[in-house]
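Student: Single-letter residue listing:
There are 2 protein chains.
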Amino acid sequence: MRISTLSVGDELICGETTDTNAGTIATMLVEHGMRVQRHMTVGDSEPDIIEALLELARNSDAIIVTGGLGPTADDLTARAAARATGRRLVLNDHARAHVRDMSARLASLLVCPLNDKQAMIPTKTTLIPNPTGTACGFHLMNNGCFMFFLPGVPSEMRLMLRSSVITFLADRITPKRVIRSLLLNVFGPCEAEVDELLTGIARPELGLRLGICVTFPWMRITLRAEADSEDAVEALLQPAAQAVRERLQGYIYATGEDGIDDVVAELLQGSGRTLALAESCTGGMIAQRITSIPGSSRYFLEGAVTYSNEAKIRQLGVPVALLEEKGAVSSDVASAMAKGIRQVAGSDLGLAVTGIAGPDGGVEGKPVGTVFISLAAPDGCWTKRFLFSGSREEIRILTAWTALDWLRRYLLMK
Amino acid sequence: MRISTLSVGDELICGETTDTNAGTIATMLVEHGMRVQRHMTVGDSEPDIIEALLELARNSDAIIVTGGLGPTADDLTARAAARATGRRLVLNDHARAHVRDMSARLASLLVCPLNDKQAMIPTKTTLIPNPTGTACGFHLMNNGCFMFFLPGVPSEMRLMLRSSVITFLADRITPKRVIRSLLLNVFGPCEAEVDELLTGIARPELGLRLGICVTFPWMRITLRAEADSEDAVEALLQPAAQAVRERLQGYIYATGEDGIDDVVAELLQGSGRTLALAESCTGGMIAQRITSIPGSSRYFLEGAVTYSNEAKIRQLGVPVALLEEKGAVSSDVASAMAKGIRQVAGSDLGLAVTGIAGPDGGVEGKPVGTVFISLAAPDGCWTKRFLFSGSREEIRILTAWTALDWLRRYLLMK
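Protein chains in written order, with the working numbering: chain U, 1 to 414; chain C, 415 to 828.
Heads up, some of the hints might be wrong.
[Said to hold, decoys possible] If you anchor each label on the Cβ, the simulated ranges turn out as follows:
1) U:Glu46 <-> C:Gly709: 20 to 30 angstroms
2) U:Ala170 <-> C:Glu619: 38 to 48 angstroms
3) U:His32 <-> C:Thr537: 35 to 45 angstroms
4) C:Asp676 <-> U:His32: 36 to 46 angstroms
5) C:Pro708 <-> U:Ala170: 24 to 34 angstroms
6) C:Thr613 <-> U:Arg105: 21 to 31 angstroms
7) C:Thr613 <-> U:Asp93: 22 to 32 angstroms
8) U:Pro189 <-> C:Val734: 46 to 56 angstroms
9) C:Glu619 <-> U:Asp93: 51 to 61 angstroms
10) C:Pro543 <-> U:Gln242: 37 to 47 angstroms
11) C:Glu724 <-> U:Pro367: 34 to 44 angstroms
12) U:Ser163 <-> C:Thr540: 46 to 56 angstroms
13) U:Glu246 <-> C:Ala487: 22 to 32 angstroms
14) C:Glu671 <-> U:Ala170: 39 to 49 angstroms
Don't read these hints as lab results, they were simulated from the structure. Even for Gly, the Cβ is constructed at its ideal location relative to N, Cα and C.
Chain U on its own, in the form it takes in the complex (with noise of 0.2 angstroms):
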């Protein structure tokens, strides 16, 4: 089945935004054993838009179009689609039904009663239901080849995709292909050292693809195989991960779509185990992230975002002299800080961030990137001075990272 992919927007036409529906479109698509051939993206023109439908359908069995349904003047998306199509655009109930029911439920979330433009569709189409935004979706059939409309928002678009067109259209494959991915988060080396160590796992030619993909400050490695049965895809899939594995050891962080808060989230609940949290430079970042997770306040207990010497004075405990002597990004400092934030929460484990972030505030022997992570534990305390490199926010996320993943593996160990 040939798939082409149309986004609509003039912020995408000047740059002002990035598409990322077509990259989730993609994804979505392969991971289902379809793939995308042809992507375009026009402005909020509608002549553009019909032209490109027009063009699309010509060689494409299905077409799935973002964008251009929003409820303002500028969003022309239906209205093309029914000139494109040769159809009416007439007020739909349903959608008009769902337009007002779902402005009311979004009423507190600073959205406002919208008017009936978003419940234009045009005629002999199915509506593609949207459970969290106003604008409808619809898919209609033109000249044998499927068009799918969905808004641009991306949250809305993934979920209307998954729910609908994405089973629509997997019914319809033949032959079956089967086609599986794997993805490995890493977490400390760099493309290059990652690239090498990988050397020859993929196999391209009997349908086994590696990918690298980085995503500062970690990458994603995507094992791809194609064939034709799921114990084929199987036989190629799963030796390759164990290689990975193998040659990259404890840098494997997660696997799938698990980011390392929630690894570390898991490995604390498991764990049973509290924790405390003082940040210097990071400012509050771990702590973000930490409790970005339902349920966190089972075992994070408090932080403290001590940027201020008095503040770590006064909240941490930390020794005057230990400061004036050996300075707030020390090493002396951050055990002094993981020690005393563990002892004043009552926490099991303490964890210490002190560091300079920059772009100022380097020192003769301690240069902007210079960050301290400390552990405090009650099997001891371990701290280490690491060097980092890049803008303020660059360091200060690297410093996180490092942090987490230090805290991971501590967790690991027991």
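Model the placement of chain C on the given structure of chain U, informed by the hints.
Tutor: Just chain C, lined up with the frame of chain U:
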């Protein structure tokens, strides 16, 4: 001039990599008074590349192609370009010299020695030098359509685009068009409300466009004016900008690329006031945003992530009785937290949030999404109740943004 872009690569069509080149080109063209009419992406398939080139050529004066110029077998763009334009693919001596020279220079950067494949260039083309990579770009003219071929590596592509392609095209725009954009960042109202408030400001027939792009939880209003001269553009842009400001008043928190963090930082810096934070449901998100700005240590003293009641009592001095009587998520506790952190930190301002981010924890009269925000200042303490809806993360983000916006409005009043 009608300009199209074409990105080539299986990694794009399979969603492993997000295509940033299309956006870079679009942005740079707009900055120089041009715009992309349509964008296309195809995989590493010679027929697909040829078909895309021919199709785009039909209604473009220029096509900018990125990707598929690499050394590996799946880099097919040069050959496809030759086929599509009826040229031969020959070994180009200049390109060959460049590849060898560059390979030698880059050897230290883990680039493997390359063969002559990258020196195979279609006949009747002009090379586009690549100062940082091995792949030469080239451009040619076919049936009145300029075609530019650049490598897909973003950093190389960007350099070559600016040095060669943009100037080449800009010289050929007739009549010269000037395009300017003005970005206004808005937090508070919903898209439909903003759209209604701004009705009639856009005058597409005069070359004045208005776009609304929602990026949860804020939205960006783009005013774009296109005319023959700087003066004519300003004459369109300035009155429109004035009108938008009047109609949206306090909702516009920044222009251009500034985020709400930058604005709050600037206001705090200017006011000479110091800030301390007490966060419950946001778990450090506000502190993390405040400290993301360089120099924040000048006005940010400390933050307390008081997740447990014990922490609220010990770190902030919230009365036990109050917690028992009113509950941790209450107006009284919120103001006690704000006053508490202000006092212990000795800051001018104390900002506190407490709420139920969910998905669990909702109770009778206090459903998930109930949040109290409190600001303690020398001239009083203000506390307000909010009800946000959405996922746990959306509620946390809305809480952080609303608190920062509150702070912004307070500082603007002073």
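Student: Per the hint of 37 to 47 angstroms, is the separation of the Cβ atoms of C:Pro543 and U:Gln242 within bounds?
Tutor: holds (45 angstroms)
Student: Is 51 to 61 angstroms respected by the C-beta to C-beta distance linking C:Glu619 and U:Asp93?
Tutor: Given a distance of about 35 angstroms, which is not inside 51 to 61 angstroms, the answer is violated.
Student: Given the hint of 46 to 56 angstroms, check if U:Pro189 and C:Val734 actually sit that far apart at their C-beta atoms.
Tutor: holds (50 angstroms)
Student: Is it true that the C-beta distance of C:Asp676 to U:His32 lies inside 36 to 46 angstroms, as the hint says?
Tutor: Roughly 42 angstroms apart at Cβ, these two residues keep to the hinted range, so it holds.
Student: Is the hinted range of 21 to 31 angstroms satisfied by the C-beta distance from C:Thr613 to U:Arg105?
Tutor: holds (26 angstroms)
Student: Look at the Cβ atoms of U:Glu246 and C:Ala487 and judge whether their distance stays inside 22 to 32 angstroms.
Tutor: 28 angstroms Cβ-Cβ, so the 22 to 32 angstroms window holds.
Student: Just to be sure I understand the hint, the distance between the Cβ atoms of C:Glu724 and U:Pro367 should be within 34 to 44 angstroms; is that true here?
Tutor: holds (39 angstroms)
Student: With 39 to 49 angstroms as the target window, see if C:Glu671 and U:Ala170 comply at their CB atoms.
Tutor: holds (41 angstroms)
Student: Just tell me: holds or violated, for the beta carbon distance of U:Ser163 and C:Thr540 against 46 to 56 angstroms?
Tutor: Once the Cβ atoms are compared, 51 angstroms apart, the range 46 to 56 angstroms for C:Thr540 and U:Ser163 holds.
Student: So the hint says 35 to 45 angstroms: do the beta-carbon atoms of U:His32 and C:Thr537 match that?
Tutor: holds (43 angstroms)
Student: Could you check the hint for me, namely that C:Thr613 and U:Asp93 are 22 to 32 angstroms apart, CB to CB?
Tutor: Because 26 angstroms falls inside the window, the suggested range holds.
Student: Taking the CB of U:Glu46 and the CB of C:Gly709, does the distance hold inside 20 to 30 angstroms?
Tutor: 48 angstroms Cβ-Cβ, so the 20 to 30 angstroms window is violated.
Consistency with the previously given hints fails for numbers 1, 5 and 9, ordered from lowest to highest.
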